[in-house]
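Enquirer: Starting from the known structure of chain A, arrange chain B on it as the hints suggest.
In order, the protein sequence lines correspond to chains A and B. For the first sequence, the tail end lands on 321 under full-length UniProt numbering, and the numbers increase by one without skipping. For the second sequence, the tail end lands on 293 under full-length UniProt numbering, and the numbers increase by one without skipping.
Just so you know, these hints were derived from the structure itself, not from any lab. The C-beta atom is built at its ideal place from N, Cα and C for all residues, glycine as well. Certain hints may be false.
[Stated by the list, open to error] Per label pair, the in silico range of CB-to-CB distance:
1. A/PHE15 to B/MET118: 18 to 28 Å
2. B/GLU38 to A/GLU222: 15 to 25 Å
3. A/ARG184 to B/MET103: 31 to 41 Å
[To be verified] Derived contacts from chain A toward chain B, CB cut-off under 10 Å, selection only:
4. THR83
5. SER94
6. ARG100
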Amino acid sequence: MGDVVVEAVEVTRTFGRVRALDNVSLAVPRGAVLGLLGHNGAGKTTLVHILATLLPLTSGAASIAGYDVCTQGREVRRRIGLTGQYASVDQQLSGRENIRLIARLLGASKAEARQRTDELLEMFDLAHAADRTAKTYSGGMRRRLDLAASLVGRPDVIFLDEPTTGLDPTSRTALWEHVERLVRDGAAVLLTTQYLDEADRLADRITVLSQGKVVGAGTAAELKAQVGEKALRITLPADADLAVASDALRRSGFTPAADEKDYALSVPVTGSARLSTVVRALDEVAIDVVEATVTEPTLNDVYLNLAGETPAAASTAGATA
Amino acid sequence: MTTLDTTAATRHRSWRGSSVRVQLAVLTGRSLRAMAAEPRLMILGMLQPLLMLLVLSEVFGSMANPALFPQGVAYVDYLMPAILLNTGLGAAQVAGMGLIKDMDNGVLARFRSLPITMFSVLFARSVADLGEERPLAAHPGDQLGQHVGEAAELVGEPVPVHRLGEPLVGPGAVGEPGLARGPRPVPAAGLAAHLRDAGERSPRLEHPGEVDRRDDPVGVGWAGRGTGEDGDRNALFHHATSIAGRACPRQTPVSTYPRARAGLAAFAAWSVRESDSLRVPFTDELPRGLSRG
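Isolated chain A (complex conformation):
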């Protein structure tokens, strides 16, 4: 997987009596995305802040490209880009001014800063609004500007702290594409998110945090396998016979579970090829399908499975942190 650029070893951080992070270890190699999954208060942001040298750790060790985050902060800061939970751009400056500011602070000359700014504005489709103040930007534009600002110095490591929270689906997909391009170009990305589908789409490996502890780690497929599989939920007309439908499906090799109240059947499926088999099986016994939805395991399921607790309990406990 290449050399490790982000490494945390048994990182613990306490705020008073609250253990926000408890013996968290992780590693991200170059050109890979690690998804950090967890509900509010799970400790995701605390971990990002420690790795980005914004917070000291209580015990353990963490390094970026071999530089210790506690003792070699300046070297670390030269190699990272941080995109915060809320877009951290200066709203009173224009998009162009925001990017140039960062470039100049990183040590670019005026000409270099101008060139880099133009590149980034172009890349993130902000050129048309470059000279408007960021105040007037839409949420998606602001988030893109924020991401552009963290890429000015071509960092080796990019921290994306809930980059798509509050974005509409189009902006979300666009942002994902940007992240994918960054990874192709060799950056290591640490992505925190509350959405399993986001981690699924972007992350090579996922670490699940709950109340400051690592409760699960692995690839998306591994985690899903632990949690459960996709299921097809079929709603039948009110006059249909659930038993007949169940039998038809069983003959085709499925194991449906009937829901008498809603006239629905839940069928575990693994691939798209089998969806058609289900429909055909029902067609053979002349039963209409009113509605069919594929349900995927959600973050709730991950939590129930991995942490052995409900997310509600997790977020209440986390809220005190």
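Expert: Below, chain B alone, put in the same frame as chain A:
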């Protein structure tokens, strides 16, 4: 879309972080720009102490009992220091609130994730808010030519006007004909490069040495304080900042720049360069009585 390729990743290694003076300048510029976007606030900030003074002395002043005051002391003698203090505290408050805003919207976190010193962020705020109190202190206007001329003298050689533009002659042209010395407009193009070249050639500024912080912790007193090279440097700094149309440099620490390798001449040049973006009113218009020679 080749900007993020791997060759680019190695190229950024040349950006080895910025110096403290660039950090200060860039961050101060940021705050000033934000201020320019909201000119009403600046006008209000300037009017407020005047209104307070007026209202308290002229309207409510009669309520103060002069019989209790010592001989020869008027109410306004108490009032004035209080207004000054209040104005100063007001500026501090603005700086503090700006900082809190930065903390809230994550801008401060972004700065903290950059390889810059936090001192710059804090100091730049203060500098900017000083500027708000006296925004006109360094507007060049008619004294621009004088600043340029004196700065040029300090870096060891006069600035021949033909290098900057055209030589000027007339009753206002002080000193040798063709030298930029009197109050006259100077075009910006070429000036920066000239000052920098001159500074690099100048034996007086070749090795600027270091200003001892203990001697001059905040760099107050470029005018008169300090002798010899220090005085020159302070004066040059003053001219440079005046040229650049920056806020009054009295509170800007000269001692922040001791390690600038090319000396303050380079700083002067840089200030002039910066001034382009600040839109200093450099003009081709000639003062009365002068003509192009």
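Enquirer: Does each hint fit the structure? Answer for all of them.
Expert: Hints versus structure:
For A/PHE15 and B/MET118, the Cβ-Cβ distance of about 21 Å falls inside the hinted range of 18 to 28 Å, so the restraint holds. Roughly 53 Å separates the CB atoms of B/GLU38 and A/GLU222, a value that falls outside the hinted 15 to 25 Å. In this structure, A/ARG184 and B/MET103 meet the distance hint of 31 to 41 Å, their C-beta atoms being roughly 35 Å apart. A cut of 10 Å between beta carbons decides the hint on A/THR83: the least distance to chain B is about 9 Å, and the hint holds.
Taking 10 Å as the C-beta contact cut-off toward chain B, the hint placing A/SER94 at the interface holds, the least distance being around 9 Å. For A/ARG100, the shortest C-beta to C-beta distance to chain B is roughly 9 Å, which falls under 10 Å, so the interface hint holds.
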